[in-house]
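> Here is how the chains run, residue by residue.
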Amino acid sequence: MLLGCSHKSAPLHVREKFSISPQGVPALYNEMKRCPDILESVVLNTCNRVELYSVIRPGFCFEGLAKFFCAVNNVNQALFKEHSFEQRGKNVIMHAFSVASGIESQMVGETEIFGQFKEAYMTAKQHTAVGPTLNRIFQKSFQAAKLTRTHTDISRGQISIGNVATALAERIFAKLSKVRILIIGGGEAAEKTLQALYSRGAQDINITNRTFEKAQELARKFHARAIGYEDYPYLLDQFDVIISSISTEKPILEPEIFYPVMKKRKDAPMFLIDLGVPRNFDAGVADVPDVYLYNINDLANIANENLKSRQFEIEKCKALLAERVDHLWNTIVQKGAEQEDFSEDDIKKEDLAPAPAN
Amino acid sequence: MANYLEETRTLLWMGTVLYGLAFIFALASLILERHYSRMIFYTLLVGGFFFQGIGLYLRGLTFFALPLTNPMEIVQVISWSSMLLILMVQMSFRLVLLGFFGTAMSTILGLLSLSIAGWDYPNLASSFANPWIEFHAALAIFAYGVFGILAINALMYLLQHYGLTHKRFGGLFALLPSLQQLDDLMTRLLLMGVTVFTVALFLGTLTWVSDYKSVSFHTLVYSWVLWISYFSILILKEKKRWMSRNVGWACLILFLFVLVSLWPIHTY
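Protein chains in written order, with the working numbering: chain P, 1 to 358; chain A, 1 to 268.
Hint data in this document are derived by calculation from the structure and do not stem from the laboratory.
Do not take every clue at face value.
[Unchecked claim] List of simulated lysine-lysine pairs, DSBU-like, C-alpha gap at most 35 angstroms:
hint : chain 1 : residue 1 : chain 2 : residue 2
1    : A       : Lys213    : P       : Lys264
2    : P       : Lys264    : A       : Lys167
3    : P       : Lys146    : P       : Lys8
4    : A       : Lys240    : P       : Lys178
5    : P       : Lys178    : P       : Lys33
6    : P       : Lys266    : A       : Lys240
From just these sequences and the hints, can you work out the full model?
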């Protein structure tokens, strides 16, 4: 049985109320252990979903489970009923497979959920809350997630601005470890892009801001160097990637600046990412030879295209999973899952290996 | 002997067909935006390479020398050298799509050389009496092979540049190697091609000086023009006087010129 709520059933302000704190999860497991009607359970608690997978004693119903959940987590029962969903039997397996594969995610095909799914399972195991049935379902879910990523394009292409920018930088420079990066300004989009570049190995990061203290603050976070705002125009030729996110009424960087800069760089390409609205780079900069200029619209268009492609893949994934769902359900029903207990050692290392990078 | 040539032609045809199948297999996967099995692709490619190699080897056995006696054989050896280099480069650089473009080139060259009537004729008269001339010819053709893979690399560079400038990301563009990788490889191949060609030309010129009848004057002039062209591109690139995309265009056009001029040069 599955009881839960997600971004599909509840808006953010409602989900916030249902969210379980990190300390709340062990408490919930302890309470469930005391409940004789709940035989097995796994709690999946992420920013977009709270789900309780359970095996219950015959006669114990959804209402009973929901009541129990609301009582333990101090949640308004009527509100929960309005915004929650429930699944039973074979549909629980399909749901688990779909969640682990990223099909149910808000950003379709994202791989972070795979890690969260594994973590939820391991936590449940630590609390000795999983038994033969959920053990099997979760292990098969890990395999299902890998299967969909290998055999469909559900995780293909980047769907966040930061990752799209990073993928583009890699199309120009291959390895980011030797690429010199300059961030002009700050803001959420710039920081996320910087985070994505940093996580892909960028090491030489320089930050400039109208307020030097803000540049220093961001620099500390990414082991970067802060540069004076008056100095950076004289250093432009030294950077391979420039990300600008300054609040300005007219472009701060004109094509005339870049012609001599590119001459100094002698054939080395330069990747410019304009995250400012209004734009920080004049559109004419794109005409300078060896300069690749992308603004926030370009990046968003690529992300949206990738997301659309992933959505087309959902049906393919479901078809791929359906057969496996049927097979697992038949095994559980016919052979009796209680006879097949899995120890920790039975969990194949490959099932617990990290998900392929997005 | 005619029968023997016919048998080796069958082997060369088999090589071309396998290259063609590898290319079509990868192309279909790219059009359908599906991941293609590298195992199938490389089995077909290596199969093509094997049959082509055996065909050329048996031809060479006919006169105990490199099979470079007519335009068909020359084009086949260029194609085989390119494919050998592609397999070697692929092992060290792991450049995605290099094999794909390589099979396209080898299919075109294979079809061209085997289909044109009159390109494949018994020509024992032009087999090499002087081993230095044979060595010169082998090096020159190997250099052409390097220039062939250089042209593929240049095409990939130009496509990647086009994709980035015009914001194209799907299909082929999503799989191309990075600009920097392609640029690095372009420089290395240019250097390698020019070096091998320099040695080939040096040997050819020395032989011509000692026995001017052994090498045709037109071939020598043509080879020097080609050498000067590639050498100039290398210098311009190294000195950063030419942008990489100009170098790419030049390498692509120059290799087409090499292919187009093979026939008239051989008739001299």
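> Hints first: check each against the structure and report whether it holds.
Hint check results:
1. A:Lys213 with P:Lys264: Between Lys213 (chain A) and Lys264 (chain P) the Cα gap is close to 52 angstroms, so the pair fails against 35 angstroms, i.e. violated.
2. P:Lys264 with A:Lys167: Within the cut-off at roughly 26 angstroms; holds.
3. P:Lys146 with P:Lys8: 24 angstroms, holds
4. A:Lys240 with P:Lys178: 21 angstroms, holds
5. P:Lys178 with P:Lys33: Violated, because 53 angstroms separates the two Cα atoms, which is more than 35 angstroms.
6. P:Lys266 with A:Lys240: Holds, at about 6 angstroms.
Checked against the numbered hints given earlier, the structure breaks hints 1 and 5 and satisfies all the rest.
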